[in-house]
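J.: Here the protein sequences line up with chains D and Y, keeping their order. Just so you know, numbering that gives the first Met the number 0 puts 69 at position 70 of the first sequence, and the rest follows in order with no gaps. Just so you know, numbering that gives the first Met the number 0 puts 55 at position 56 of the second sequence, and the rest follows in order with no gaps.
If you are wondering where the hints come from, they were derived from the structure by calculation, not from laboratory data. Relax, there's no trap hidden among the hints.
Taking CB as the label site, the calculated pair distances span:
| no. | chain 1 | residue 1 | chain 2 | residue 2 | range |
| --- | --- | --- | --- | --- | --- |
| 1 | D | F29 | Y | R2 | 38 to 48 Å |
| 2 | Y | A62 | D | D64 | 11 to 21 Å |
| 3 | Y | L17 | D | V61 | 27 to 37 Å |
| 4 | D | L55 | Y | I102 | 38 to 48 Å |
| 5 | D | L55 | Y | G66 | 15 to 25 Å |
| 6 | D | G2 | Y | F71 | 16 to 26 Å |
| 7 | D | D75 | Y | T65 | 22 to 32 Å |
Idealized CB from N, CA, C, for every residue including glycine.
Here are the chains, one letter per residue:
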Amino acid sequence: MSGLGYTVPAVLAALAVGALELTALRTGLFRRPSYWLSMLIVVGFQILVDGWLTKLSAPVVVYDDRQTIGVRFPFDIPVEDFLFGFALVTAVLLLWERQRERR
Amino acid sequence: MDRWQYLLVLVACLAITLPLELFRPGVYRHAWRAMRAVLPVAAVFVLWDEVAIHAHIWTYNPAFITGVTIPFQMPIEEVLFFLVIPLCALLTYNAVSAILERINRR
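Sequences and hints are given; from them, build the entire structure.
T.: See the structure below:
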């Protein structure tokens, strides 16, 4: 841990996506139970897929531990990955929802 | 065979979520809407990924990727990741929304 080159952008990305919805897009996605239930399912599968990709015994993706806070859970997943995943998936769902409103 | 590992994980994700397309309104059936949701976000994340790879924040184990890259250093699998995972998420959201609507209508 020194640079936090992954932690800082991951936190910023998650905050940016939240701010995008609350200030600009206002799709109402965060008020939909189907969004939160979907995110729960997505995180469940993320643990399986990401767990496979980041396992320290035979990693597909190799992280510089100095760029993270060093917490890897569950399995060997850097916790930053969950912010990364939240930002990625939520941003896509927001753009999907925004097109519903335009119809 | 190991070199196909990352790619096969992505194929498995697409295969597992494919049946969710049966729920209405569907995702693949609305390809233009899906592309307009997935591509702008993928562009931003590909950029982030490129910077992270250059800064050595993360790298990819050459044992488990095909070795095909796009400019500048990104494995093709990582580009596909930003298309596949959002599609899986959209399919999940599509199915969950359809199921909840069905329950609420009762």
